[in-house]
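Protein chains in written order, with UniProt numbering: chain L, 1 to 236; chain F, 1 to 236; chain D, 1 to 236; chain H, 1 to 236.
Treat the hints with care, since some could be wrong.
Covered stretches of chain H, going by a simulated chain D footprint (3 or more residues, C-beta under 8 Å) [what the hints assert, rightly or not]: (1) 107-113; (2) 118-129; (3) 150-157; (4) 208-220.
With a straight-line cut-off of 25 Å between C-alpha atoms, the simulated DSS-like cross-links for lysine-lysine are [as the list claims (entries may be wrong)]: (5) D:Lys147 with H:Lys229; (6) F:Lys147 with L:Lys106; (7) D:Lys123 with H:Lys235; (8) L:Lys70 with F:Lys229.
FYI, nobody ran anything at the bench for these hints, they're computed from the structure. We treat Cβ as the ideally placed atom computed from N, Cα and C, and that holds for glycine.
4 protein chains.
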Amino acid sequence: MNITVWNEFRHEKLNAAVAAIYPEGIHHVIAKGLQQEGVNVQTATLDEVEHGLTDKVLRETDVLIWWGHKAHEEVEDEIVQKIYQRVLEGMGMIVLHSGHFSKIFKKLMGTSCDLKWRQVGEKERLWVVDPSHPIVAGIGEYIELEKEEMYGEFFDIPEPESLLFLSWFAGGEVFRSGCTYSRGKGKIFYFRPGHETYPTYHNPQIIKVIRNAAQWAAPIVGPQLQFGKTDPLEKL
Amino acid sequence: MNITVWNEFRHEKLNAAVAAIYPEGIHHVIAKGLQQEGVNVQTATLDEVEHGLTDKVLRETDVLIWWGHKAHEEVEDEIVQKIYQRVLEGMGMIVLHSGHFSKIFKKLMGTSCDLKWRQVGEKERLWVVDPSHPIVAGIGEYIELEKEEMYGEFFDIPEPESLLFLSWFAGGEVFRSGCTYSRGKGKIFYFRPGHETYPTYHNPQIIKVIRNAAQWAAPIVGPQLQFGKTDPLEKL
Amino acid sequence: MNITVWNEFRHEKLNAAVAAIYPEGIHHVIAKGLQQEGVNVQTATLDEVEHGLTDKVLRETDVLIWWGHKAHEEVEDEIVQKIYQRVLEGMGMIVLHSGHFSKIFKKLMGTSCDLKWRQVGEKERLWVVDPSHPIVAGIGEYIELEKEEMYGEFFDIPEPESLLFLSWFAGGEVFRSGCTYSRGKGKIFYFRPGHETYPTYHNPQIIKVIRNAAQWAAPIVGPQLQFGKTDPLEKL
Amino acid sequence: MNITVWNEFRHEKLNAAVAAIYPEGIHHVIAKGLQQEGVNVQTATLDEVEHGLTDKVLRETDVLIWWGHKAHEEVEDEIVQKIYQRVLEGMGMIVLHSGHFSKIFKKLMGTSCDLKWRQVGEKERLWVVDPSHPIVAGIGEYIELEKEEMYGEFFDIPEPESLLFLSWFAGGEVFRSGCTYSRGKGKIFYFRPGHETYPTYHNPQIIKVIRNAAQWAAPIVGPQLQFGKTDPLEKL
């Protein structure tokens with residue numbers, strides 16, 4: 001399996017507090033966490049040529065992981081269109097945290113993907129609400145994060161196909177924090193945590209979830225889909 | 001309740017066979033079928049100014065019904081964006097037949113909305129698979145249409161929130177023919193039948209379904225949604 | 001529409017604190033809240049003959065509302081079987097609070113319906129997560145209850161067809177508090193709040209939700225379902 | 001992974017036509033088809049002691065496959081209760097064909113699981129409608145079976161969590177033929193084909209689906225679920 005971890009990689013260069021937590025970038029920490037036998041992990045970032053997502057990279061990527069925040073608008077529409085096409089063809093996609101507002105996530109969802117937020121560093125507790133799902137394998141009843149940005153409902157997404165995590169926030173809000181979708185032959189997982197000023201991606205349970213999600217989202221050798229004009233299979 | 005029936009209204013002007021069935025346009029027949037006490041029905045068509053969908057019309061429309069086929073590309077992006085915004089705000093939307101390939105439906109779904117098709121006039125039988133849903137009120141176990149265009153799976157749509165009708169086609173295919181979705185505060189119903197060369201919208205059961213769907217899709221006085229930065233509700 | 005509000009009606013007789021809040025029983029307060037033009041509301045309680053749910057009552061009931069807690073085991077299996085049959089035939093059912101552990105709810109769900117709980121009187125905030133649904137009409141972004149019993153995840157229910165409310169609890173838990181299901185021709189709504197020692201059913205927003213739910217759950221004139229051996233519709 | 005294939009195993013002993021197709025029983029053919037490295041397959045049948053499903057067998061079974069038809073009533077309630085408990089604890093379950101009317105399936109679904117049927121040996125075509133799902137890996141756009149018993153809608157089951165196959169029948173009906181559910185920590189797959197008088201389980205594509213389903217339904221090391229009275233996680 002080939003995983004590509006994409007990161008905007010701007011906060012880490014501009015904000016010393018972020019750089020202290022993720023000196024080589026958020027993508028680097030996630031990529032390291034995903035390395036295991038049989039898995040090939042590479043990274044790509046906004047400021048590379050074609051954002052690091054050339055046709056070759058996309059064609060060979062089984063699962064694309066996405067972290068973006070302040071520069072969503074700088075992602076070129078042409079690249080977004082190519083990612084979209086690859087998802088419909090079967091590429092898995094894991095959208096993290098502020099990636100909820102990325103062009104590609106909004107395009108795949110068909111909604112605004114807007115939400116409430118507050119960045120004061122409060123406690124978040126992610127409760128598992130589907131204990132049968134492979135993405136929660138190895139996780140306890142909840143994951144607790146001492147300090148995170150708050151995201152609150154209403155989260156303007158389509159009804160998830162499976163809802164895996166619900167977040168409780170100290171400030172009084174809740175959030176649908178782990179949501180699965182399918183689009184064409186592709187599987188998508190949105191996972192809420194991961195504000196850049198907190199060491200969330202150093203948390204082994206968070207990495208475990210992303211790792212499970214990558215396994216789950218990997219493409220299957222599914223049917224060769226045919227569209228358009230078609231002859232009858234029965235005599236008419 | 002204010003319903004606006006939108007029709008591309010081109011086939012009826014160019015094709016005598018279609019004009020024979022729908023002399024005043026498909027929209028006219030549907031609009032007539034929807035008239036009842038407490039419901040105000042108007043129509044709009046592609047070739048009107050702003051496709052008949054001015055800001056005022058859209059603002060006052062509770063449910064928009066959409067039939068388009070050969071001129072999807074002529075619908076201006078700006079109007080599509082306005083319809084999209086209104087759906088998220090609560091306007092109901094019923095997309096009919098070849099409207100599956102309209103810009104607005106693809107934008108709301110986040111998929112290609114592609115499918116198989118065959119236009120030879122074969123038998124279609126729409127089976128009810130959710131007999132608890134208000135959209136099937138007054139319908140029997142199935143609706144039979146002697147001649148229709150075939151649409152076949154795989155239909156590239158997101159998993160429906162509720163699946164109400166499954167079509168059987170004489171040529172050997174099946175199709176998810178009645179699908180509901182929600183997007184933001186808006187409710188959407190896709191309903192398959194209605195090729196322009198057949199008198200499908202003269203069928204009282206088909207009209208009954210569209211009528212039920214309009215009632216179902218009408219906006220509710222729901223919560224005033226707030227997005228963006230928000231203060232805590234609890235002391236932190 | 002005929003609504004029957006069923007209540008175990010034991011706490012009110014045995015516990016002065018409960019009687020102070022609901023002197024004539026929880027069912028009485030709910031029934032009063034549901035009265036409006038075109039709606040006929042009656043009540044039934046455990047200690048009546050056949051628990052007040054005779055064949056005639058059940059046959060004429062469009063929506064059955066259920067509150068039970070300490071005497072689930074005293075509800076006779078034969079009556080449970082009759083209610084079950086009526087739900088499959090189209091009777092709507094609204095299960096409140098501790099009714100999660102009633103025989104009828106467990107039978108309809110196919111799961112244990114178990115959960116976490118704590119009865120110390122803490123704050124609950126029910127967030128709306130489906131602002132398009134008729135059951136939340138007239139409700140704001142959330143409902144706040146100063147004191148309630150806590151119910152926490154994992155709540156062992158099947159994946160809801162629509163998830164309408166998520167609860168935040170001061171003690172750190174979350175809960176799927178408003179869940180819809182369909183079973184046969186019947187529609188079911190589970191709504192969490194309503195511990196007997198708090199005036200929850202005097203809250204106009206809570207009553208509003210139950211009222212909306214009764215409208216939503218009312219049976220439709222759906223298809224006459226046929227089961228068993230059947231002749232082909234096409235020549236074989 | 002430990003798979004147990006359970007079969008009623010009566011038709012094969014009483015009907016020469018069935019015995020000709022499945023001389024050692026349906027369970028034997030399915031079991032053989034599932035054998036592969038890392039998978040341990042055993043069988044169990046109705047007439048064994050405790051139907052072959054002792055506490056030890058159930059405790060060690062990861063996925064239980066179920067074929068029954070004419071003797072559903074002979075399956076003891078106590079064993080059904082044990083299977084049910086094991087599903088909630090995480091054991092996967094694959095229910096085949098006429099198993100739709102088994103005690104265990106009805107108990108897990110919460111509905112009658114009734115349907116239409118016709119046994120004349122007509123053509124069935126199972127269309128894939130979720131090409132992203134691991135259960136359809138290696139399958140084309142459809143599976144065609146020359147002769148099968150017909151099952152027709154309305155199929156009285158809860159709305160599937162994922163709908164994978166839709167059947168077309170020559171006689172004019174359709175059917176939701178591949179449905180997934182979760183119950184507690186357990187995953188369930190219902191798969192329609194497999195009348196005893198046809199060689200359906202000798203079809204490599206049918207076996208492929210069952211094989212995929214067993215992989216999908218295998219339990220994960222999920223959260224240790226806690227129910228009942230619980231202390232607050234936050235200071236109240």
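Hint check results:
Beta-carbon proximity to chain D at under 8 Å applies to 6 residues in the region 107-113 of chain H; the threshold of 3 is reached and the given coverage holds. Beta-carbon proximity to chain D at under 8 Å applies to 3 residues in the region 118-129 of chain H; the threshold of 3 is reached and the given coverage holds. Taking a C-beta to C-beta cut-off of 8 Å, the region 150-157 of chain H contributes 4 residues in contact with chain D, enough for the three needed, and the coverage statement holds. A count of 0 residues in the region 208-220 of chain H with a Cβ less than 8 Å from any Cβ of chain D is obtained; the coverage claim is therefore unmet, three being the minimum.
As the CA atoms of Lys147 of chain D and Lys229 of chain H are separated by approximately 17 Å, the hinted pair is consistent with the 25 Å bound. Annotation: proposed proximity of Lys147 of chain F to Lys106 of chain L is violated, straight-line Cα distance about 39 Å (limit 25 Å). A distance of roughly 12 Å separates the Cα atoms of Lys123 of chain D and Lys235 of chain H; the hinted pair therefore holds under the 25 Å criterion. With a C-alpha separation of about 15 Å, the suggested pairing of Lys70 of chain L with Lys229 of chain F holds against the 25 Å cut-off.
Going down the numbered hints, you'll see the structure goes against 4, 6, while the others check out.
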